[in-house]
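K.L.:
Letter by letter, the chains look like this.
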Amino acid sequence: MTQTIPLKAVQRPAGGYFFEDYAVGRRFHHATPRTLTDADASLYIGLTGARQAVHCCEPLAHALGHRARPLDDFLVFNVAFGKTVPDVSYNAIANLGYADVRFAAPVYAGDTITCESEVIGTKQNSDGKSGVVYVRSRAFNQDRSEVLAWTRWVMVAMRKARSGERTSAAVIPALPSHVEPSAFGVPAFLKGAALEARYTGSERLWEDYTPGETIHHPGGMTIEEADHMTATRLYQNTARIHFDAFLALGNPFGKRLVYGGHVISLCRALSYDGLENAFAVAAIHGGSHSNPTFAGDTLYCRHVVTAREKIPGRDDVGTLRLRMIGAKNVELAKLPDLAPGEKNEAVVLDLDYSVLIPRRQKP
Amino acid sequence: MTQTIPLKAVQRPAGGYFFEDYAVGRRFHHATPRTLTDADASLYIGLTGARQAVHCCEPLAHALGHRARPLDDFLVFNVAFGKTVPDVSYNAIANLGYADVRFAAPVYAGDTITCESEVIGTKQNSDGKSGVVYVRSRAFNQDRSEVLAWTRWVMVAMRKARSGERTSAAVIPALPSHVEPSAFGVPAFLKGAALEARYTGSERLWEDYTPGETIHHPGGMTIEEADHMTATRLYQNTARIHFDAFLALGNPFGKRLVYGGHVISLCRALSYDGLENAFAVAAIHGGSHSNPTFAGDTLYCRHVVTAREKIPGRDDVGTLRLRMIGAKNVELAKLPDLAPGEKNEAVVLDLDYSVLIPRRQKP
Amino acid sequence: MTQTIPLKAVQRPAGGYFFEDYAVGRRFHHATPRTLTDADASLYIGLTGARQAVHCCEPLAHALGHRARPLDDFLVFNVAFGKTVPDVSYNAIANLGYADVRFAAPVYAGDTITCESEVIGTKQNSDGKSGVVYVRSRAFNQDRSEVLAWTRWVMVAMRKARSGERTSAAVIPALPSHVEPSAFGVPAFLKGAALEARYTGSERLWEDYTPGETIHHPGGMTIEEADHMTATRLYQNTARIHFDAFLALGNPFGKRLVYGGHVISLCRALSYDGLENAFAVAAIHGGSHSNPTFAGDTLYCRHVVTAREKIPGRDDVGTLRLRMIGAKNVELAKLPDLAPGEKNEAVVLDLDYSVLIPRRQKP
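Protein sequence lines correspond, in order, to chains B, V and E.
Once you know that position 189 of the first sequence is 189 in our numbering, the rest is easy, because the numbers rise by one and skip nothing.
Once you know that position 9 of the second sequence is 9 in our numbering, the rest is easy, because the numbers rise by one and skip nothing.
Once you know that position 109 of the third sequence is 109 in our numbering, the rest is easy, because the numbers rise by one and skip nothing.
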């Protein structure tokens, strides 16, 4: 899991890579490793309203066995993701999906994140103008321990349109439908029982959630241009579509798009009221940004509990498998139930993921 | 003063508390304690433009006897206040007033703030739709030393309107008209004479201010949605009215309101030019947000010196009692003098408070 | 170079200084020294999108010989500049130019910056309403080591217009046309060869740039009011024109102006793609903000390499002299080549400066 990929610099073309550049097996060692600090944690709170107690309360972090407050899982995800953008999605037309996202180990202030990616699949589109690239990315800390790994696939423009002509045979990777709880990165030191209700504000634990249950989180968050751009800059994500309003005049929407990872972060923050004890994200099994989000939109979040599972070898912590629905400019109560995979024009995010949550201890 | 209130988790109803839930004597141990850091201090500067030298200059902090830069008083106030919102004012219609606010001890980067509140009064409104709840709140650091205590009263909606019918007899607490200087939390270690003009830019000390004197601070600050929301998220204040533009379409203003604590912070920051040596806030005796503030408004600040008092046992530091007037979209010179309690449509903040300021030392 | 200027407090007039107050030789010890932290570094990334690896990657900083990540040169410049505003440019009509800007030594988190200025020239304008003031400013760390020095000249309003009458003879200082590479503050400990391409994402070094070469950096950044105001507040720059929309209704533009230092920071950040290994700014020889920038504008950056020079005594690091062109709301490819000093209505920044960049090592 922590196998070292040889470090090798890549001289990126000035205009970035295009579909033709992505051969299966090609590896990228992404530039500008990032040392994360307490400041990123605070700024993340300021930009998202995150309240997970373990990330903002040092005594609780110690009680749980951490050496310090771990950084928010989605802060780490977004920073790691941002590192891959110049090499993977600079000329992306759309970010199509995620799979097999594993949060392998906590990241703390002072840690330095380095990312690497490998092309694991490509498929040219029939219009000859673009193709889909599948990439497996991994993020390491300064000790070369893997902290995060994920697969995503993006639609990338071709450098030169070739009507009808195929440049290469399609390679579509086999992707797991989900990450098994036995593969979750639950630290051995973790003392789940220490997450007391006096810290989180809720006594609802693993046993109190029922598969099929729907939770409408009460808050809503309106997104401003300055907010999503500041978050996306903090992640050093350079995708132009988030920042350049002049260029965006020429896209189909005529305006900037909000980075999807910011939408995930906001939904995670909104879901604190109702999922107070879901203290860590273990895995993302799959998901997609089903509609674009723009500045001015107000986000709401609904969760559906899809499964409640034990984690092998742990009786202090269990896992909930959740469907996170991010919707915009709509009363959640008026949003219909959605069948798996069903789309809705108000829904901007549909994520299948798993969280860690303490189990009730026998007295 | 540092008596321990027993820790007890409270399972909050999903939609928050309503007037009927607030019985006199009910206690809340607020969730998500917060470890504050240098990052919160920097972000506070970025969001308010605060310049108080003791908060941004480590050598000065040391010279004054602090072990590090103390955090800005209103940063601490806003964070502590934010902790109480989910339990106290989630369904608040209006934040009616403050009293007996005591800044008991400095807070430093690394300290963790925990908050507790007790209901000390309730009064149902005659319309049967809402009532006033009086709450005493206290904030502690990780050593269970009290750092801040305050009383506020809010108008809270009733879960179920009851025309004419009273659910409980009114209990209106006796509130002090002001905090005595003898009760101010002036640290024993403090060396007030160290606040030299080369740090602050001004030689005006306690002796140089005259009761009755009015100060028009020269700056103005226009508030953007992104700014007040980022500040309010940083304080983990979850009141929906500040964040949810879609929901706000249904309120009387049709838009988001700026959190009152952000207005106080901005006025404090603007007042640096003219009150450079007023290095700490000792107490807020009373005050109110007399009109709402919205994004797009430009804030200005006027101070009236209402008293100049000595502090028992200290000859290095005295106190000024001040009336802080925050006004919007108006030239201060055209704003009339205001009698105590007099309102004006341009005035959004009227605060009666006391600051610490060095006294001139005999040569 | 590190000569101590005696510390002396100055009681600034309430409305700030006017042209008449600036006598050649007058010195200002600027107020509110600032301790910079990791938080300022993170917030700077969030506000600008800066990616220079040495500022965000602790292991690289160590490999280069630094004791920690140095703070971004323009973060330091903007903070130091901000300190001078209350005394130098509070009543400025325009910031006319820069010369002889020397980045003398790295600044690290924890350092405290103090600034001092001296008036080195004055010239009353013939309209009798304003004049030009030339100021030499210096910034020191807590050890009284000079970290930055710069000359700027500003047009300042007169307190009292005097048609035709001269209050003083013009004194125009001799300013160097450029800073010699031999005067650059390259730390003796620096190991330039450590800046490997795996950190920065590019193998282009000193040898790979050719005088006359033009680089069009691919990104663009749209500026929001909240962003430039947060940056400018972070720098504790108090110039009212950046913050006060109500007052700005009366200026010729009818709106707030973006602080020029924020424009420089954004152009520096945009230029990462193409100048990845230009890891430090050594000097600014001259420059001007040729047109105002407003919220809503989208910034782009073009660089022209004007010279490639060796640095005496160093074979690991060389210097490029660059012309940084910041342009707004325009396709760079359609912006004509500009002769030295030539203006263009889309160009908002024209800066002549030098960077440090590693030289290729013989194998």
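It is worth saying that the hints were derived from the structure and are not from the lab.
For clarity, every value in this text was computed on a predicted model and none was experimentally measured.
Among these hints, one or two may not hold up.
[As the list claims (entries may be wrong)] Just a sample of chain E residues kept apart from chain B, beta carbon distances all over 12 angstroms, derived:
(1) Leu43
(2) Arg51
(3) Glu180
(4) Leu257
(5) Leu338
[Said to hold, decoys possible] Here chain E is said to cover these stretches of chain B; the calculated rule only asks that three of the stretch's residues, wherever they fall, bring their Cβ under 8 angstroms from a Cβ of chain E:
(6) 34–41
(7) 52–59
(8) 182–190
[Stated by the list, open to error] For the chain E half of the interface with chain V, some residues (derived, Cβ under 10 angstroms), not all of them:
(9) Thr32
(10) Leu36
(11) Pro86
(12) Asp87
(13) Tyr90
(14) Ala94
(15) Ala149
(16) Thr238
(17) Leu247
(18) Asp315
Just so you know, even glycine gets a beta-carbon here, dropped at the ideal spot from N, CA and C.
K.L.:
All the hints need checking, so say for each whether the structure fits it.
P.N.:
Hints versus structure:
no.: 1; hint: Leu43; in the structure: violated, 6 angstroms
no.: 2; hint: Arg51; in the structure: violated, 5 angstroms
no.: 3; hint: Glu180; in the structure: holds, 31 angstroms
no.: 4; hint: Leu257; in the structure: holds, 17 angstroms
no.: 5; hint: Leu338; in the structure: holds, 20 angstroms
no.: 6; hint: 34–41; in the structure: holds (count 6)
no.: 7; hint: 52–59; in the structure: violated (count 0)
no.: 8; hint: 182–190; in the structure: violated (count 0)
no.: 9; hint: Thr32; in the structure: holds, 5 angstroms
no.: 10; hint: Leu36; in the structure: holds, 9 angstroms
no.: 11; hint: Pro86; in the structure: holds, 7 angstroms
no.: 12; hint: Asp87; in the structure: holds, 8 angstroms
no.: 13; hint: Tyr90; in the structure: holds, 8 angstroms
no.: 14; hint: Ala94; in the structure: violated, 20 angstroms
no.: 15; hint: Ala149; in the structure: violated, 20 angstroms
no.: 16; hint: Thr238; in the structure: holds, 6 angstroms
no.: 17; hint: Leu247; in the structure: holds, 6 angstroms
no.: 18; hint: Asp315; in the structure: violated, 38 angstroms
Comparing the model with each numbered hint stated earlier shows that hints 1, 2, 7, 8, 14, 15 and 18 do not hold.
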